[in-house]
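Novice: One letter stands for each residue in the lines below.
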Amino acid sequence: MNCSLVGHSKVLVGLLAAALLPAVTGAQTSAGRVVHAAAYVGADGKIHTGGVVVVENGVITQVAGDVPSDARVDAYPGGVVCPGLIDCAASLGAYGNLSERQNAIQPRVNARDAFDRFSRQLRAALAAGVTTFALAPDDQNLVGGRIAVCQTAGPDGKPRILTEAGPLKLSIAPESFKQDREPTSRAGAIGLLRETIEAARRDASEDNPLAAFAAGRLTGIFTTPSGADVLAALRLKADYGLRLVLVHTRDARLVAEQVAGQVTGVIVGPLDLATGRREALAAGVFERHAVPVALAGGLPARPADSLRIAAAVAARAGLTPEAARRAITAVPADLLGMGDRIGKIQKGHQADLVVFSGDPLDLRSRVLAVYVAGQRVYVPGLKASEGDRP
Amino acid sequence: MLYTRLGNVACLLAIFGSMAAGAVAACPPPDKVALTGGRIIPVSGAPIEQGTVLIERGKIVAVGKDVEVPYDARVFDVSGKVVFPGMINVHTWRGMDIPNENRPVTPHLDARDALDPSQLFFEDCLRLGTTGVHVIPANNTVIGGVGRVVRPIGMTVAEMTIAEGAFLKISATPRRGHDRMLQMAMLRETFLELDDYLAKLAEKRYEEKLKEDEKEIEVGPAEARKRGRELIRAEDIDDQHRNLLRLRGGQVRVEGEDGPTLFKPLGAFVYCGNAMDVALAVKVANDNGFFARTVLVLGGDCYKAVRELKQAARPVVLPSQLTHRETNPLTGEVRETFVPKEIFEAGLLFALVPGPDDSYAERMLTYQAAQCVRHGIPRDEALRAITLNPAKMLGLEKRLGSIEPGKDAHLVIFSGDPLDFTSVVEKVFIDGILAYEREKDVRLQRLLSSEADQPQEKAE
Amino acid sequence: MTNSPSCVSAVSQSSGRNRIPLLLQVLGCWLVAVSPLLAQVRPVAIQEATILTGDGRTIERGTVVFQGGKISAVGRKAEVSFMAKKIQAAGKYVTPGLIDAHSTLALRFAPAGDQATAKAVDGFDRYAEDEIRAALREGVTAIYVPSRSASGIGGLGAVIRLQPRPGDDWEEFVLTDEAALCAAVGAQGSQGPLARVKAAEALRQRFRAAKEYRQAWEDYEEDLEEYEKKLVERAKKKAQEKKAEEKKQPSKKGTGGKKNAPSRDRQKPDQDKPRKKDEKKEELKKPTEPKKDRNAEVLLRVIDGELRLRVEAHHPADILNVLQIAEEFNAALILEGATGAHLVADRLAELEVPVVLSAPPAPVVYVPGAGRHARPDAAAILREAGVDVYFGSGVLPSPTAPPQLALRVARAVGHGFDADAALETITFKAAGLLGVEKEIGRVKRGLRADLVIWSDHPFAPGATVERVFVGGREVYHADSDKEGRDE
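Residue numbers (the working numbering), protein chains in the order written: chain A, 355 to 744; chain B, 218 to 677; chain C, 63 to 549.
In isolation and in its complexed conformation, chain A is listed as follows (with noise of 0.2 angstroms):
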């Protein structure tokens, strides 16, 4: 913490810098500029010291190793640069618009289209270190939708949407089941899917999404709340050769063995600081089977730092740190097909990151700065009364 003084001054200089800076990104980017912590959070997960990371065109371009001489330096002493955090499973600028429950199987629905970029949600998010969030259409439907992977801020600090051709969302939560249309059971809602996947792979239009998916070509985020609906989609795996993703946190225990190596990876969470105990070993029980896990926030129905708060729930009840921190940063990126671009510090992939004062999974650490594309677009302000609230 006795970086603490320095960092509010180098602060002050950033906050000057960043006023100044989106006029002239455009002139800048070629030149390059350094972020220069004391440590990085490596794709591996883990904390590596010699916190140097040069960024051109705003794209990442060395990690560690010297400063270059002719670079722009922003300097945070005793810093950790972490990639921005990624929230998988969120609806921030579109809370409560992305619920249609007309139709059960609505693949051409698509959640950018719900995006509002002026909420002011998206700011306390960045605030937080959330860079990068797919905007999810709910659980109240069967195919729910297109994600959108969207941006709390772009490099020019307004928020953008990154790809609309993000994974399917698929759901066979008991708030699918309707009443008044189908399904209303699980076992009519698998009947039902079954039956849309068989007449998706009949048609091979290349703009049906679900012919995409349902080739395994396309991603399918599922959201599975018990074992039962986990061994489920397992079995339309199996039946269909499908990629799925699966949301799941409760039966972890249960089903981790029977998921291990049949899916791309699972979301859990949201978690938070109420969260039980069976819960909270959801995520280290997958980790464990050699799952990739990653952690969902919730925003914005769950607090802004709610990504780091799962994050450490999870550590205290068996997740190990490194794959706590890959949880909120690579795992997502992969999660949503975009791996190979952000998600990771590492040559190569967009410079979004965040500088905390400490390891991101320590609740104690702060958000000295955000980058979005190398660009800094967030500074914290000095007093804590202008916290992070918009």
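A couple of the hints might just be wrong.
[As the list claims (entries may be wrong)] Derived BS3-like pairs: lysine-lysine, alpha-carbon spacing no greater than 25 angstroms straight-line: (1) Lys-428(B) to Lys-310(C); (2) Lys-154(C) to Lys-432(B); (3) Lys-421(B) to Lys-348(C); (4) Lys-309(C) to Lys-432(B); (5) Lys-305(C) to Lys-292(C); (6) Lys-291(C) to Lys-421(B); (7) Lys-291(C) to Lys-348(C); (8) Lys-299(C) to Lys-428(B); (9) Lys-443(B) to Lys-305(C); (10) Lys-305(C) to Lys-432(B); (11) Lys-615(B) to Lys-249(B); (12) Lys-353(C) to Lys-421(B); (13) Lys-428(B) to Lys-506(C); (14) Lys-304(C) to Lys-291(C); (15) Lys-291(C) to Lys-347(C); (16) Lys-348(C) to Lys-428(B); (17) Lys-292(C) to Lys-421(B); (18) Lys-154(C) to Lys-443(B); (19) Lys-292(C) to Lys-428(B); (20) Lys-417(B) to Lys-291(C); (21) Lys-432(B) to Lys-300(C); (22) Lys-347(C) to Lys-417(B); (23) Lys-299(C) to Lys-417(B); (24) Lys-300(C) to Lys-428(B); (25) Lys-443(B) to Lys-354(C); (26) Lys-304(C) to Lys-426(B); (27) Lys-432(B) to Lys-310(C); (28) Lys-347(C) to Lys-432(B); (29) Lys-432(B) to Lys-298(C); (30) Lys-506(C) to Lys-154(C); (31) Lys-432(B) to Lys-348(C); (32) Lys-310(C) to Lys-443(B); (33) Lys-417(B) to Lys-348(C); (34) Lys-291(C) to Lys-443(B); (35) Lys-347(C) to Lys-443(B); (36) Lys-500(B) to Lys-354(C); (37) Lys-426(B) to Lys-300(C); (38) Lys-354(C) to Lys-417(B); (39) Lys-426(B) to Lys-298(C).
No lab work stands behind these hints: they were computed from the structure.
Please build the complex by placing chains B and C on the supplied structure of chain A, with the hints as guidance.
Specialist: Using the frame of chain A, we list chains B and C on its own:
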């Protein structure tokens, strides 16, 4: 014995029996009745094969293999059958019109005033071999009222009565709409209020006394209360407080015009719905001096408080649901605990009660006892839990609960072993009266006949 | 306990003669018979640990020794008897058991009427093993349990030390069953602004009524004194009159006079009845005793400063109302929940009212109702303004929900709360707030041995509770905690 069997009463019984109960008319008891040739399970001792039970004027006078049957005795040959003590349902509100009064604190209520002799419940008691029923207000209360021990025959409450109510119902578990804290606060305050009441009463009595003597008062209220204490007469205490006083003080001595009056002490059946209530119940009982006369009525998970129960060493009435199930919130695994086993191992005196009417099996005390045997409780102990133990709890062990000379002749003739589920109750004797005969149980026969599609009579 | 002294002497004697087999034999026999007692008597030493004492000090590679339920030595060079059971804790941290300053853990609760005499301890389910273990697993060993309904006065809160299986000494684990009088003020959900006024006014009214009640009793006692005085005077007067009469009219029959005395007395008043009776009516009227009101008596204890008043209030307007009421009736106030407290931080600092923050973290979206002012850095703002801040886990949403006290405080640090003061707020200072600082809250000689061994600093990421001792008895061990792991 409050009730003396007179011929006319017996006649009434006979009429009532044939009219309402559909069971065998309770005939005037012959002076002497002998049950011969049956296997006698006296509960208090080892079974007697082909023994004889001799009854004179409603009391058992001899039990054994070589009992001589007098020439003038009415003899029932029960060879091949089993003679068992009449069973006792130690805790039920059934037989009254409603379980509880709406008000939370009602110590003045008495089951006597609510008992309905014509209820089919009593007929069912006979049919299942229950000859003693402790009817007491139910658990949805703070202080519920006084119970009463009755036999399931008789036209009036007086005829039915085996013993006056000796227990007040108290609940340590919140009644509906109460939280736990309010429940305990109300209990505490009820007794504090009793003190206030007695103090005021003493003061009033002292003033009255002075007035009678045409003296002027010369002391302040505090002293007057002290002096007036001795002047309180039985009739000065109102209904609301009389039973509380009996409960707390045991034998309360109050000077009356005809010398000192003794209030009979009351005990309490204290309901503990959850383990956490046990300690509270014990505390309330201790604080108010009725601990030594307390029976604890246990709910589902009370076995968890076995340490406290053991320490208290008071008799307990077990929940009718003998197996307690709870789900581990973490693993979803169901934990099952057989409650009587825990209680038995703690060495407590316990009684079983029948389950709700809609459970065909559990409403039989014999089934409840059989479950205990199945779970490893010694057979003798299980049998005592439906006969002698409840009698002890009610303070009636000199009259009920076993087949021994000198006891009231409450006997059940089973077709086979009582714990065998295929055995049926063939005859019931209550105070020597043949109160039930299966062959003459019209309603049962109709139920068992092929004409079962007839509209059934509503059971209560 | 009668066995324990002989046990100790047996052990020490045989060891003195260096007869190890015998010692083992004796020990073995006794272990079976008196192992629980032995656990109480035999000292335990936690060695080589980093001790966070709870009052701000850190002892590196220190030792804590406890025996008979109390801490007997702390320090880098604390003496450890050869008999002591030694626990090597190199690299581990030892803290006092954490104190949750507001928790509904294992509280079986259904909101009911407005009353002050209800006790939270009656509502605490000591057999809720799962819940208690969940708290111990997070290092929480003592909680303050409120007795409170949705609004108005609820009853008396309690401070309870946790243990998963209650022993015979359960009473000892209730540090106080009258920690504070609980109340709640404020509009619920969609009620309008007038509901707020009404709620505050209702509370004020209760205190006012309590004061009036006391006045009525004081008046009564005064009148009573007067009345009793007059009674004495009258009796004297009467005695004098009687003497005077007796002098005038000497006894008729000597001893027999006594027998007749009553009848004479009875006649006497008859003679001059009319005048005397008039006098009596004027002078001697017995004052009427006011009705007992036990609720009011509890409130009076608050007014007299014997009992603290804890009020849950969220909206700043409600908080200001409560402050006013507390000032008016001179009540020592503690605010609970208090999601809007930071907006009136200066006023709270001025009146030195402590605040227990116990609401769950607020979501990003706007939520109408009580928690709408919540913000994560409220603790920091309050502390900067000079308000004493404490933490509680508040109303837990499910029986398996743990009171994540350490994480909660760590998060407050992440939002600007003073890192050095953080641990104190859930140990030493919390004990002070609850009035039990002489019992728990510090690793200090003479205090109860409620201790937690952590794998790391309690606020550090991934730190887990390894062992917990309450009253010197081990109540949690991570290795035997099947439910805490996934196997």
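Novice: Holds or violated: Lys-432(B) and Lys-300(C), Cα atoms, limit 25 angstroms.
Specialist: holds (12 angstroms)
Novice: Is the straight-line distance between the alpha-carbon of Lys-428(B) and that of Lys-310(C) 25 angstroms or less?
Specialist: Status violated; Cα separation ~28 angstroms.
Novice: Is Lys-347(C) close enough to Lys-443(B), meaning Cα to Cα at most 25 angstroms?
Specialist: holds (20 angstroms)
Novice: Run the distance test for Lys-432(B) versus Lys-348(C): straight-line Cα separation, threshold 25 angstroms.
Specialist: holds (15 angstroms)
Novice: Given the hinted pair Lys-428(B) and Lys-506(C), is their alpha-carbon gap at most 25 angstroms?
Specialist: At roughly 67 angstroms apart (the allowed maximum being 25 angstroms), Lys-506(C) and Lys-428(B) break the hint.
Novice: Hinted pair, alpha-carbon criterion (25 angstroms max): Lys-347(C), Lys-417(B). Please report holds or violated.
Specialist: Holds. Lys-347(C) to Lys-417(B) sits at ~17 angstroms (cutoff 25 angstroms).
Novice: Within a Cα-Cα threshold of 25 angstroms, do Lys-299(C) and Lys-428(B) meet the stated pairing?
Specialist: holds (20 angstroms)
Novice: Are the Cα positions of Lys-310(C) and Lys-443(B) separated by 25 angstroms at most?
Specialist: The given pair, whose Cα atoms are some 37 angstroms apart, is violated under the 25 angstroms limit.
Novice: Straight-line Cα separation of Lys-304(C) and Lys-426(B) no greater than 25 angstroms?
Specialist: holds (22 angstroms)
Novice: Between Lys-291(C) and Lys-443(B), does the CA-CA distance stay at or below 25 angstroms?
Specialist: Distance ~19 angstroms between Lys-291(C) and Lys-443(B) Cα, so the pair holds.
Novice: Need the status of pair Lys-443(B), Lys-305(C): alpha-carbon distance at most 25 angstroms?
Specialist: violated (29 angstroms)
Novice: When you check the alpha-carbon spacing of Lys-432(B) and Lys-298(C), does it fall within 25 angstroms?
Specialist: holds (15 angstroms)
Of the numbered hints given earlier, the model fails hints 1, 2, 9, 13, 18, 23, 32; all others are met.
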